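Trainee: Sequences listed follow chains Z and E, in order. Take 80 as the starting number for the first sequence in this note's numbering and just add one per residue. Take 854 as the starting number for the second sequence in this note's numbering and just add one per residue.
Rather than coming from a laboratory, the hints here were simulated on the basis of the structure. Here the structure is a predicted model, which means the values were calculated and not measured. Idealized CB from N, CA, C, for every residue including glycine. Take these hints with a grain of salt, some might be off.
Derived DSS-like pairs: lysine-lysine, alpha-carbon spacing no greater than 30 Å straight-line [unchecked claim]: (1) Lys864/E with Lys915/E; (2) Lys121/Z with Lys868/E; (3) Lys146/Z with Lys181/Z; (4) Lys121/Z with Lys864/E; (5) Lys121/Z with Lys931/E; (6) Lys176/Z with Lys931/E; (7) Lys864/E with Lys176/Z; (8) Lys915/E with Lys176/Z; (9) Lys135/Z with Lys924/E; (10) Lys81/Z with Lys121/Z; (11) Lys181/Z with Lys931/E; (12) Lys915/E with Lys81/Z; (13) Lys176/Z with Lys121/Z.
Taking CB as the label site, the calculated pair distances span [said to hold, decoys possible]: (14) Val907/E with Ser87/Z: 46 to 56 Å; (15) Arg862/E with Lys81/Z: 28 to 38 Å; (16) Ala147/Z with Glu867/E: 46 to 56 Å.
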Amino acid sequence: QKEVEQNSGPLSVPEGAIASLNCTYSDRGSQSFFWYRQYSGKSPELIMSIYSNGDKEDGRFTAQLNKASQYVSLLIRDSQPSDSATYLCAVPRRDDKIIFGKGTRLHILP
Amino acid sequence: EAEVAQSPRYKITEKSQAVAFWCDPISGHATLYWYRQILGQGPELLVQFQDESVVDDSQLPKDRFSAERLKGVDSTLKIQPAELGDSAMYLCASSRVPGQGWNTEAFFGQGTRLTVV
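All chains should be built: construct the whole structure from the sequences, respecting the hints.
Mentor: Structural data, given as structure tokens:
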């Protein structure tokens with residue numbers, strides 16, 4: 080099992096709909112979870128961090144964490160064409176290394 | 854707003870030549886990371902510093918790559934000699950502290966796009 084797994088996509092979502100991005104991780108000791116957005120040719124930009132089980136909302140973004148299932152997700156409500164990007168899930172291990180998934184390409188259809 | 858500074862933004866070099874990248878982390882960030890990202894893949898950690906000390910360089914190809922952070926602030930990553938397979942985006946990131954919990958988020962610079970010809 081890979082340390083951080085994401086579906087590579089592309090995930091196509093109509094404008095205005097909810098985009099749902101998923102990530103699973105292998106290290107049960109991980110306590111912090113990050114979502115980054117990366118536009119083509121640009122560097123990753125931190126958009127959400129979550130530390131506790133449950134939901135965390137920030138504007139149109141909601142991160143959901145279930146440590147028992149080792150699962151973290153990102154929901155984007157009212158998807159906009161500007162949300163089209165690759166979304167990277169990142170999880171610090173117990174040895175302090177931050178491991179990234181391969182990313183999910185999201186395409187918002189106008 | 855504080856940012857991670859990297860230079861150069863783009864670099865084209867011939868194989869077997871030496872190349873160097875520079876990174877200045879956000880002020881007050883003790884942890885500095887160098888990642889390499891190949892197109893279509895997630896960032897891969899090359900080396901991690903805590904202040905001036907290397908805490909992880911297990912994925913750094915030490916026969917050709919070197920990294921230093923002499924005064925615990927800015928850092929340089931060097932490749933000598935460069936190979937065609939080194940073409941990638943080299944990303945520097947910093948965080949206030951490493952590990953788990955608050956203030957461990959890593960913030961990235963704009964990256965250096967390296968092309969080896």
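Trainee: Could you run down the list of hints and mark each one as holding or not?
Mentor: Outcome of the hint check:
1. Lys864/E with Lys915/E: Holds, at about 21 Å.
2. Lys121/Z with Lys868/E: Holds - the C-alpha atoms of Lys868/E and Lys121/Z are around 25 Å apart, at most 30 Å.
3. Lys146/Z with Lys181/Z: holds (20 Å)
4. Lys121/Z with Lys864/E: Holds, because 15 Å separates the two Cα atoms, which is no more than 30 Å.
5. Lys121/Z with Lys931/E: holds (22 Å)
6. Lys176/Z with Lys931/E: holds (21 Å)
7. Lys864/E with Lys176/Z: This hinted pair holds, its Cα atoms lying about 27 Å apart.
8. Lys915/E with Lys176/Z: holds (19 Å)
9. Lys135/Z with Lys924/E: violated (38 Å)
10. Lys81/Z with Lys121/Z: Within the cut-off at roughly 25 Å; holds.
11. Lys181/Z with Lys931/E: Measuring from Cα to Cα gives roughly 25 Å; hence the hint holds.
12. Lys915/E with Lys81/Z: holds (25 Å)
13. Lys176/Z with Lys121/Z: Within the cut-off at roughly 22 Å; holds.
14. Val907/E with Ser87/Z: 46 to 56 Å: For Ser87/Z against Val907/E, whose Cβ atoms are near 32 Å apart, the range 46 to 56 Å is violated.
15. Arg862/E with Lys81/Z: 28 to 38 Å: holds (31 Å)
16. Ala147/Z with Glu867/E: 46 to 56 Å: holds (53 Å)
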